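According to the UniProt record's numbering, the sequence shown is numbered sequentially starting from 1.
The set of hints was computed from the structure by calculation and includes no laboratory data. Be aware that one or more of the hints could be misleading.
Cross-link-like lysine-lysine pairs, in silico, DSBU-like; alpha carbons within 35 angstroms at most [claimed, not checked]:
| no. | residue 1 | residue 2 |
| --- | --- | --- |
| 1 | K365 | K346 |
| 2 | K346 | K310 |
| 3 | K630 | K593 |
| 4 | K1081 | K1139 |
| 5 | K346 | K260 |
| 6 | K1208 | K1081 |
| 7 | K365 | K310 |
| 8 | K1208 | K987 |
| 9 | K1208 | K1139 |
| 10 | K310 | K260 |
| 11 | K869 | K987 |
| 12 | K630 | K869 |
| 13 | K260 | K365 |
| 14 | K593 | K571 |
| 15 | K593 | K869 |
| 16 | K987 | K1139 |
| 17 | K571 | K630 |
| 18 | K1081 | K987 |
| 19 | K869 | K571 |
From a predicted model like this one, the values you see are computed outputs, not experimental measurements.
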Amino acid sequence: MGVDPFKGCESELGAFRPGQGGEAPASVASLLGILGLSELSATEGLWPPPITRVIMVSTEVITRRPFSPRSAPASPRTPLSQAKAEATEESRPSTPSKKERNAWINSDKGPDSSPLLSAVLGLAFLAGFSENARFRGWVSQGVVLVFAVPLQLNRTKPSKRQCQAPRAAALPEGSSRKPPGTRKCSELLRLMRPGSLMAMLASLSRLCLFCFATLVGRSERLGIADPADPELTPSDFPDSCEGRVTLSDQYQVPATHIVKASRSCVIHAERGTMLMLSGPLHFLGDVRLTGSLQVVAQEDMASDSCFVVKGSLMLEMDFLRMRGCRSSGPGGALRTLGDLTVMGGKLQFDDCHAFQGGAIFVEGKTQISGGEAAFTNCTASMSVRGSSTNKAKFFSHKHRARFHQQQHCGGGLAVNGSLLLQGARMTFERCSAEEFGGALCVIGGFDQQGGSVNLNTCTSGRAAGGVYVNGSFYEQSGAMYFNNCTSGEQGGGMFLGCTQAGSNPCRINQSRLAFHSCSSVFGGGLSLSGALDLMHSNASFENCRATYRGGGLQIANGSAVAAQVASLEFKQCAAGAYGGGMHAREAQMSLDKSNVTFVECTAGREGGGFENLDVRLTHSCGTMSFHFCKAYAGAAFSSSWGAELADVNVEMCTGIGDEVTSSVGNVSIQRLTFVYDGPSAGYEPYLSAPNVSISEVNCTATHQCVVLATTLRIPSMLCPPGRELEDHIGPDLAEYGCILCEPGYFQPLPWRNPHCLPCPREAQACDAVSVTMQTGYMLDVPNLSSIIDFSELESVNQTYFCPNAASCPGGRLAYQNQTAMCSPGTTGQGCEYFTPGYAPGDYDNPCGKFRCPTAPSVWVMAASYLLGKDVFVFVLASSSVLGARAGRKESAVLVNQLMAFGILASRCLAALMQAEVFAGQAVFARDVLHACGMVVDAATGQAASATPVWCFVKAIYDDSGLTGFFVFLALANVPALLLVCVFGCAKGFWLSVIVGSNCFLPAFCGRLSALLISFRPTQAADVPRFYYNAIDSSQQCVMVLATVMVLTICFSATIWLFLRATHSDQDPRSLQVLYLAAPYKPTYAAWEVERLLRKMTFSVICTAFPVTMHPMPQIALLACISIVSAALYLELQPYSLTKFNEMETGLLLAASMMAVLTLLSCHPSPDWGTDLPDVQYAAGVAAVSIGTGCTAFMAVLIGAAFISEREKE
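Could you build all of it, start to finish, from the sequences and the hints given here?
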């Protein structure tokens, strides 16, 4: 706006200067009268007014209620000159009465809408905390006059006459000059209109009203006062106290001040009361303090306690703060020769120092009920300034008798009697003592009932960096927390001197003790001397250190510890010599239903977890665990007199010596468990003692473990896989433990007292914990999880041969990562039995494994394929015979040649399916091989690749024994018999017999030969076992003779039938004669029998020597027969047409070549260095190509010949 509203008013405000005394100018007085603040102008000789006066008057105007000042009443006004007073009174307009002023204030928005006065109150309150008098002066004058006046004028909207009145009053009487500043004041009124910038600033200041009013209220409640406020004149402290004495404002004690107190003495300090001490206060008698009080010791304070009570002291304070107290004797802040009772409230002691009891020293009993007590930077030491005369003068003979060995005790609080805490919370921060109890020292009894004691960074030169108790100790439902406390000798956090060991004076019940990062020479966390009962409580020690013994807990000579339903936990504690977690010497320890845990505790010499020297330890029930502890000897624990323990768990504890040692005495443990895995998996834990009695030792998670003793009693030792129990008893020492199995032996289970088993000869790999079998062999492995007796594992010594190597891929026997001995679909010894959904192959592959269809449509397709294959071959052969007239048709000769070739080709393809080189190929390659086999089977009438007949048998009658075999035999040959019978009824018996025998007799002989399959199931078996083992041993010989007899009959009948048909008196032009003899020369008219006998022989060999068990002998025999037949055809040329001789010879040579290539592909390499998988794969592919190519070529020739014959007809 560019206008200074106060320009032109300098003459009236010129006398108003910060820091100057005098009276308020007349114009200012009139404006204050308008504002209702006329009381400020009435303070003679104190202008500008004190800041507390501004707060008092302003608050009264705002709230319209009396204000309880926290300052003393204003000092008397300085008298003014009579002339000036009269002139002022005449020129000053009449001040409105209180009633008029209240009505005037309420005429607008009321007091709450006064933004100016809220700003006055807030800024005046802030100025009150400043120790700069110049700043307070500027605030008290500038804020009140520069802001309060115009804003209040804006709120009340004064008239122009009211604005001019104060200025006119300032002129000398009779002056005709126009009052200066009238125009400027009019401009001021105009600038303060609603909506102007000043009005907006006024509205913003309303927010300060609630904030600063709240601060003022809090300052009153907390008793905060300005110790350096020059406006306050300290009063003298009363000399006597009888009844109730009320204190307010500030008091100065320049020297030692004695207060005579009666029995009813009650000193009440109002809020904001402060004592500034340059000398101590001595109360002669019992005193009761109430209210809120701050005590500040000045720099010139004498070396004595701030308060000395030669009687009993009761504190019922809302707030008590004592700062900077120092004494060369006991009790820097408080010292009482009687009892001390604290009832609630908040006590705070800062920077207090004394010879003993840095903040408080109590000669009698101390009781603290509820509330909080905080001690910060308090010390007890000889370095307190001042002479020692006061200290010697104060000590009584009784005091010297009880405290002569505990000097410099209790950096925060020292009690030479008993201490009772009831639901109180005590905090000690950075307190120290030169000798005992860096924070708290109690000589007598310490009783804590609820509440908590927190100690942080407290130190002592000798014992107990935190709490020192010499007497009895009882804690009920309480908690103590020690953090970063240290001591020079023992008990970094706490020292318990329970001297009356026989009566168990120390007890902790349903409470908690926690020590974190505490350190000392003995007992980094707690040092115990005497008897302690720990009931339903827990104590934890974390990261505590001891230079010599007892990183967490030190138990001194003659002590006794009894814990029941308790928990002791030691984490990352360390000792330079003995007992990383705990150390006890010549003591007694009894732990019942308690758990003790040591985690990562270390000791430089013995006892990473704990070390007992001449201590009898009894742990009747509970768990004692040691995790990752380390020591030179006894990484878990070391006990010289032995121990009686319940469950002991030792995990990954390492050291140079034994893991658990006992130099003298007996060790009795109910259950001992060692766990060593990960980086320390190869570590071998030991336990050594003269006499050892352990109910059970669990070493299942270790490499191996050993117990050494003169006498041993271990009925059960759980050993891990690959280990066996070794019991070696010598003349002076017995050794009992789990030892690694020797090479060639294995033990797969974690078991009690196990022994190692010899590795099977057929094992591909065998180590101490597992056995991997070769392909084609298996072990009858029981369910490892359900084994009751170790003798059940004796069955794994028996190796079983698998008739089908594909069913035994080489299983692995192990406790972990075990693989099945049988492939999916097979089970039993030798994996020769089939699970539901699987079935063996037909006669050409009787031991093969095939998956049966599941969907009905697949069943229909499978049945159609099996039946259609037989019908196709029989119809093709019959049509060729029926169409013959002068001689046998070419198509019939080609069909017979293809059928003979197909037998050998299908056997080779079946062998390739079992070959290892094709077993590892992709699914696509195996599917192609399977499709080629089906082409060959379909064209030649074989059944090596399609769904086997056994699937239908299992669907009808699920029996793998002899009965099931006869069902299979009947079901497989019924379609052939039906076809022969139908054809015989239509065209004649002999013709149907000859054609049917030529098509179906080889298959029948092959299926019947399945009864001849035999093998040795085990190496120990003296007599081979037949495949269909349902036959009794007494009947097996009869069944074999019967099978051989039937096969002999089949072969003999075939020869007789063919010879009769070709050399009998039958018409040479009959169909059966033409079918047999037409293609051949007259000399070799019966040569067709050679082809049939060859096919029958092939079928018998393929069945009796299955490709799954004897692939190479089977193929070798078939190759030999083919080569002999090819030689005969080359030599004799039995066919009348040369092309038939050449065709037959070519097919036989092709079959022989397939056999040779199949042998090359299936032959396993004896050594990996000579293994040629690529060559084997190429040989297999070549064999498949030859078989498929010849079959397709013959099929094309047969089709062309059949078409040509039909055209001629």
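Against the structure, the hints come out as follows:
For a cut-off of 35 angstroms, the pair hint linking K365 to K346 stands: about 20 angstroms separates their Cα positions. At roughly 23 angstroms between alpha-carbon atoms, K346 and K310 fall within 35 angstroms of each other, so this suggested pair holds. With a C-alpha separation of about 26 angstroms, the suggested pairing of K630 with K593 holds against the 35 angstroms cut-off. Distance hint between K1081 and K1139 is fulfilled; the C-alpha atoms sit about 13 angstroms from each other, no more than 35 angstroms.
With a CA separation close to 26 angstroms, the supplied pair K346 and K260 stays within the 35 angstroms bound. Taking the CA atoms of K1208 and K1081, the gap is near 24 angstroms; set against the 35 angstroms cutoff, the hint holds. Distance hint between K365 and K310 is fulfilled; the C-alpha atoms sit about 14 angstroms from each other, no more than 35 angstroms. The hinted pair formed by K1208 and K987 meets the criterion: a straight-line CA distance of about 23 angstroms does not exceed 35 angstroms.
Under the criterion of a C-alpha separation no larger than 35 angstroms, the hint pairing K1208 with K1139 is consistent with the structure, at around 20 angstroms. Restraint check: the Cα-Cα separation between K310 and K260 comes to about 10 angstroms, which is no more than 35 angstroms; the hinted pair holds. At most 35 angstroms may separate the alpha-carbon atoms for a hinted pair to count; K869 and K987 meet this at roughly 22 angstroms. Between the alpha carbons of K630 and K869 the distance comes to roughly 79 angstroms, so the proposed pair goes past 35 angstroms and is violated.
The suggested pairing of K260 with K365 holds, with an alpha-carbon distance near 22 angstroms, which does not exceed 35 angstroms. In summary, the hint linking K593 to K571 is supported, as the alpha carbons are separated by about 21 angstroms, within the 35 angstroms threshold. Proximity of K593 to K869 is assessed by CA-CA distance (about 81 angstroms); at most 35 angstroms being required, the pair is judged violated. Restraint check: the Cα-Cα separation between K987 and K1139 comes to about 30 angstroms, which is no more than 35 angstroms; the hinted pair holds.
For the hint pairing K571 with K630, the CA-to-CA distance comes to about 13 angstroms; that is within 35 angstroms, so the pair holds. For the hint linking K1081 to K987, the alpha-carbon distance of about 26 angstroms falls within 35 angstroms, and the restraint holds. A threshold of 35 angstroms between alpha carbons decides the hint, and for K869 with K571 the separation of about 81 angstroms lies outside it, so the pair is violated.
The structure shown violates the earlier hints numbered 12, 15, 19.
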